[in-house]
Amino acid sequence: MPVNIISTENLTFCYNGIEVLQDISFAVQKGDYLGVAGPNGSGKSTLIKNILGILQPREGNISLFGQPLAVFRQWGKIGYLPQRLAALNNHFPGTVREIVQLGMERKGNFLNIKQVLQMMDIEHLSSRLIGELSYGEQQRTMLARALASKPELLILDEPTTALDPQTRDNFYQLTQELNGNQGTTIILITHDTGVLGNYARSLLYLDKKVVFSGTFEDFCTSPDMAGFFGQASQHIICHQHDRSSV
Amino acid sequence: MSLGEILSFAFVQRAILAGTLIAAVCSILGVFLVLRRMSLIGDGLAHITFGSVAVVLFIGISPLYITLAALPLVMISSLAILKLTRSKKIQGDAAIGIVSSIGIAVGIVLASLSGGYNVDLFSYLFGNILTVNQTELLLSLMIFIIVICCVFFFYHDLFAVTFDEELAQSMGIKTKRINVLLFILTAVAAVLAMKVTGIMLVSALLILPPLTALQLSTSFRMTIIVSVIFAILSVICGIIVSFLLNLPAGGTIVICNVIFLLIIFGIKQIAPVLR
Chain Z
3 MPVNIISTEN
13 LTFCYNGIEV
23 LQDISFAVQK
33 GDYLGVAGPN
43 GSGKSTLIKN
53 ILGILQPREG
63 NISLFGQPLA
73 VFRQWGKIGY
83 LPQRLAALNN
93 HFPGTVREIV
103 QLGMERKGNF
113 LNIKQVLQMM
123 DIEHLSSRLI
133 GELSYGEQQR
143 TMLARALASK
153 PELLILDEPT
163 TALDPQTRDN
173 FYQLTQELNG
183 NQGTTIILIT
193 HDTGVLGNYA
203 RSLLYLDKKV
213 VFSGTFEDFC
223 TSPDMAGFFG
233 QASQHIICHQ
243 HDRSSV
Chain P
781 MSLGEILSFA
791 FVQRAILAGT
801 LIAAVCSILG
811 VFLVLRRMSL
821 IGDGLAHITF
831 GSVAVVLFIG
841 ISPLYITLAA
851 LPLVMISSLA
861 ILKLTRSKKI
871 QGDAAIGIVS
881 SIGIAVGIVL
891 ASLSGGYNVD
901 LFSYLFGNIL
911 TVNQTELLLS
921 LMIFIIVICC
931 VFFFYHDLFA
941 VTFDEELAQS
951 MGIKTKRINV
961 LLFILTAVAA
971 VLAMKVTGIM
981 LVSALLILPP
991 LTALQLSTSF
1001 RMTIIVSVIF
1011 AILSVICGII
1021 VSFLLNLPAG
1031 GTIVICNVIF
1041 LLIIFGIKQI
1051 APVLR
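Sequence lines, in order, name chains Z and P. Heads up, the final residue of the first sequence is numbered 248 in the numbering used here, and it's a clean run with no missing numbers. Heads up, the final residue of the second sequence is numbered 1055 in the numbering used here, and it's a clean run with no missing numbers.
Next comes chain P alone, as it looks inside the complex (with noise of 0.2 Å):
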């Protein structure tokens, strides 16, 4: 099959551009968690994620709306890592790890009470972004937008809290407002990444991209804007290739993410001693 024949199909168009849309999401949002070393806070949403599809699915709601019936548990999870994370007596880290066991423990307890794991919940798992529908495109859509517009008006105030949060406190930035709006998108945004690469690699889309960025980073704006090039990339020639080799495509985007991490850190390696 062509390029021009796969890139025909309305399905993976629009495989195409809900995944693009998510993967420029998680991308930026990436280089602010993964520089203030948060950057499992994506696996602990994802398996929160896990739960709330979990419960959505015993509550019987309709599988065309489940991104949408999840995002307030998770959004809500989300807020219970932050309180959990600025506690003095729990570890971040622990503060992760105890809401994400709450996650998957509700998600196995109630994929039992409903007879076992189904294939709704199955598939959320693992992802199935070919699978993309009108809604969720339009979700991602509306998502690209806030997140693209948060980091236009908030982006000194970002920057500041990204750099160093008591220098941040110290200008008079509200550091904690700042952070509820870092982790809500980011709730946001794992709910979406689902459908990309599956609950399981949801952290890949927060974390490769900015961390190949940071590689060749040059300023601040310039990793985002090539966290942004990089995830883009990786989502087109996961899909493409998935369609061509007959592969899952969540995982073909990560693995596409990992050979641009791994190019990228060979040039960077090797340059030096060529020079």
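Chain Z on its own, in the form it takes in the complex (with noise of 0.2 Å):
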């Protein structure tokens, strides 16, 4: 029987009284890669804050690996990586191996430093700043952290906005080796319908609810999706999926 890593029955969120997320179920079983889309605002990144304990929803249930949210304890199995840190302070004193370490404290089976710092290619900037870093060198690093717990889920929120195509191509090719040779669980939040169609297995697009929840193949034959994307969309999606599946 497949084990849900995540699900979510009947979830509502609101903020300052507007309903940002309304009646969201879904469930994620272990070894997917599952792609998450939707337009600004739609409830993307709201949507992991509840599923991550960072926000508290209204309404709803949340469970991990097999665990309701409120006594699920074994977060080193967790990676995530946020859209954007919160307010990442450029005299923040922190270096990239203090940072990359945060992912290694906690209880449970950890990579070795150098390896996690070597596989995201940061060895070079480990006694360096993260404030004195480029983006995409402060991305890497937060990935490295992220990857530190070597985690069963791990979940990207925009990883790629500031990253160059080169950087963007090698960061999903780990993500596609990470997720078949290892098994790891992956939540993809991205506005790239073109990147989903590549990497994706399934997909959940967003507007506030669940506009739609299932596999590629469901999402290319389905008329409702048709109906909502446009046929043109859908084929481009579609299409990219399939040349990736080849």
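Treat the hints as calculated values from the structure; they're not laboratory data. Do not rely on the hints blindly, as some may be mistaken.
Stated by the list, open to error - Here are the simulated DSSO-like cross-link-like pairs (lysine-lysine), alpha carbons at most 27 Å apart as the crow flies:
#1 954/P - 863/P
#2 79/Z - 954/P
#3 210/Z - 869/P
#4 211/Z - 32/Z
#5 152/Z - 79/Z
#6 869/P - 956/P
#7 32/Z - 79/Z
#8 954/P - 152/Z
#9 211/Z - 152/Z
#10 79/Z - 956/P
#11 210/Z - 32/Z
#12 954/P - 1048/P
Both chains come to you apart, so use the hints to assemble them.
Okay, here's the thing in structure tokens:
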């Protein structure tokens, strides 16, 4: 029986009295590569913050690794790369090594610091301060931190916004390897439906509520989605998915 | 008077010891506060301390125990500031403003009711580290040990929360508990620091050494260590200079802190030009 890594039931979240998420129910299974898409303000990042306990839902249930969120304690199983750090202070005196080590201090199974730094090609930056780095280097540092605890679930919120095309492609290759070789469950939030078509196997499309949840095959054959996106857009996304699957 | 003679006085030794411990505590906590843009909390808590001391003096508690007696009130107020800063309807700086206004207002009213500013309240406004008593020295030592232990055991959590609170939450860190711990320790440090610099200058001990250390920072750990070194140097230099030139110790300690900051800042500006 497949294990649900994440499941939400009737999740509703309000901000200043306005419903940002309405009745969201979906599940992510072990080994899945889920793409989360939707327009600006559709609640993608808010959904993730609810799942991680950063925001409190008004209604609904959330389970992580089969446990209700309230009693879940195995946070080392989750690696999270936020869209952007809430307020990264450029004068923050933490080095790359110190930031990456943040992901290693909890109980559990960790990668060697050298391994993680090498994997993200930031070994040469290990004693540099995070505030001195370019946005792309900061993003690689944050990903190294997220990977340091050998997470079973990796949540990536708009991870490649500031990366150059080469680094971006390498990044997505890495996520595919983690998913394919190590069975890491991946949730990728992005506006770039082309990227989703290339790498994700299933799709959750949000617009405050769930517009679509299912596999790419279901998405591509859904007349509702053709009506929602337009046939041309649906065709482009599906074409990219088909090409990457070959 | 020679340096040896100055240092041979028991009250100077007590002052240097207590000042060193309190300055070290403030400089450690200050690193977390400055990086989280909460520097003004020291000012807010200092104003609350003024109100609390006025309450304690009004009740008639012996001046020997004022520091101890003022602690609970300041700790409760620090939690009130924390609660208000987390409110979605009140901005963080406004929350500090509200609580500090209450502290000052209560202090003024009670001072007036007790027949105007008496000598004790005045001495707490501007501090006098040379009058540190045995109880206060012991309290400083205890707080120093508590802060060192807290930073040692919760270093990972404090570092994560300082770096990014949301990220820390996503790692399962109980950020609310860490914030409460930080605010309570800061409240205790502020009460003790009033003896060193006076209520008016408490925030200087929380802000200036971390700012100086940040100019030289090569890592987070080093920032804390360098901050403590500058804080201790300022206290020792401040006490000795104030004694030699017959100046108020609190103000001199703060001026020493400012001089260190300006020197380091100046060197940092000039160094790249000279290279």
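Taking the hints in turn, this is what the structure says about them:
Between residue 954/P and residue 863/P the alpha-carbon distance is near 16 Å, which keeps this suggested pair within the 27 Å criterion. In summary, the hint linking residue 79/Z to residue 954/P is supported, as the alpha carbons are separated by about 17 Å, within the 27 Å threshold. For the hint pairing residue 210/Z with residue 869/P, the CA-to-CA distance comes to about 24 Å; that is within 27 Å, so the pair holds. The straight-line distance between the Cα atoms of residue 211/Z and residue 32/Z is roughly 23 Å, inside the 27 Å bound, and the hint therefore holds.
A hinted pair counts as satisfied when its Cα atoms are at most 27 Å apart, and residue 152/Z with residue 79/Z qualifies at roughly 7 Å. Annotation: proposed proximity of residue 869/P to residue 956/P holds, straight-line Cα distance about 18 Å (limit 27 Å). For the hint linking residue 32/Z to residue 79/Z, the alpha-carbon distance of about 12 Å falls within 27 Å, and the restraint holds. At roughly 22 Å between alpha-carbon atoms, residue 954/P and residue 152/Z fall within 27 Å of each other, so this suggested pair holds.
A hinted pair counts as satisfied when its Cα atoms are at most 27 Å apart, and residue 211/Z with residue 152/Z does not qualify at roughly 32 Å. Taking the CA atoms of residue 79/Z and residue 956/P, the gap is about 22 Å. The hint holds against a cut of 27 Å. Between residue 210/Z and residue 32/Z the CA atoms are separated by roughly 25 Å; this keeps the pair inside 27 Å, and the hint holds. As the CA atoms of residue 954/P and residue 1048/P are separated by approximately 38 Å, the hinted pair breaks the 27 Å bound.
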